[in-house]
Amino acid sequence: DAKTTQPPSMDCAEGRAANLPCNHSTISGNEYVYWYRQIHSQGPQYIIHGLKNNETNEMASLIITEDRKSSTLILPHATLRDTAVYYCIVLVSGGYNKLIFGAGTRLAVHP
Amino acid sequence: SQTIHQWPATLVQPVGSPLSLECTVEGTSNPNLYWYRQAAGRGLQLLFYSVGIGQISSEVPQNLSASRPQDRQFILSSKKLLLSDSGFYLCAWSEGNDEKLFFGSGTQLSVL
Chain A
8 DAKTTQPPSM DCAEGRAANL PCNHSTISGN EYVYWYRQIH SQGPQYIIHG
58 LKNNETNEMA SLIITEDRKS STLILPHATL RDTAVYYCIV LVSGGYNKLI
108 FGAGTRLAVH P
Chain B
62 SQTIHQWPAT LVQPVGSPLS LECTVEGTSN PNLYWYRQAA GRGLQLLFYS
112 VGIGQISSEV PQNLSASRPQ DRQFILSSKK LLLSDSGFYL CAWSEGNDEK
162 LFFGSGTQLS VL
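Just so you know, the protein sequences line up as chains A and B, in that order.
Just so you know, we're using our numbering here: the first sequence kicks off at 8 and counts up by one.
Just so you know, we're using our numbering here: the second sequence kicks off at 62 and counts up by one.
For the record, the hints were derived by calculation from the structure and aren't laboratory data.
Please note that a few of the clues may not be correct.
[Claimed, not checked] Below, in silico cross-link-like pairs of lysine-lysine (DSS-like), each with a Cα-Cα straight-line distance of 27 Å or less:
#1 A/K10 x B/K161
#2 B/K161 x A/K76
#3 B/K140 x A/K59
#4 A/K10 x A/K59
#5 A/K76 x A/K59
Model the full assembly from the supplied sequences, consistent with the hints where possible.
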């Protein structure tokens, strides 16, 4: 599986958009980009995933560059409850899922 | 709907004592099951995964073992705990070829 690089920490004001970047320059053509988040002392929570098209759901939007070497998770209106560690993971679709979590980005949303 | 139960939420055990953490999943059949560990301030480490009853794969050599006696039951065990076994243990499941993992609420284990 390809490796990812994320900034260790970011800050965001409440109500503003939080844009979390992820570099995955060695991603293969059949690897998806997944995003999870982990609020303190809880299990990680699935947010969104995509292959090459931009995706949007009730939680967030995922923007993947045309060359697929990087992506951005967008929380359109961050709230204090969005304070968490956000993990970007790439993996091949199909079969069992050996998610390998990196260090992630610690997002702090402040009033 | 599917739910995952993991217990206990917290556990304090002396060094050298045995360990048994249990995880059960409801509302699905033949799930893929996983045990992860998270040391304080660190990322998640995959310990074991299982694609079926009695089928266990270990990701890293360690003092722990896993078993899957029933389709939706996953147990993490140790015969003698070490100080380094302290951490936050998370059970997770996924369906077939679906890549989304669903995590339990975790067990905070302190070995003293």
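Exercise for the section: Of all the hints given earlier, name the ones this structure violates by number, lowest first. Expected result: The structure conflicts with hint 3 only, although it agrees with all the remaining ones.
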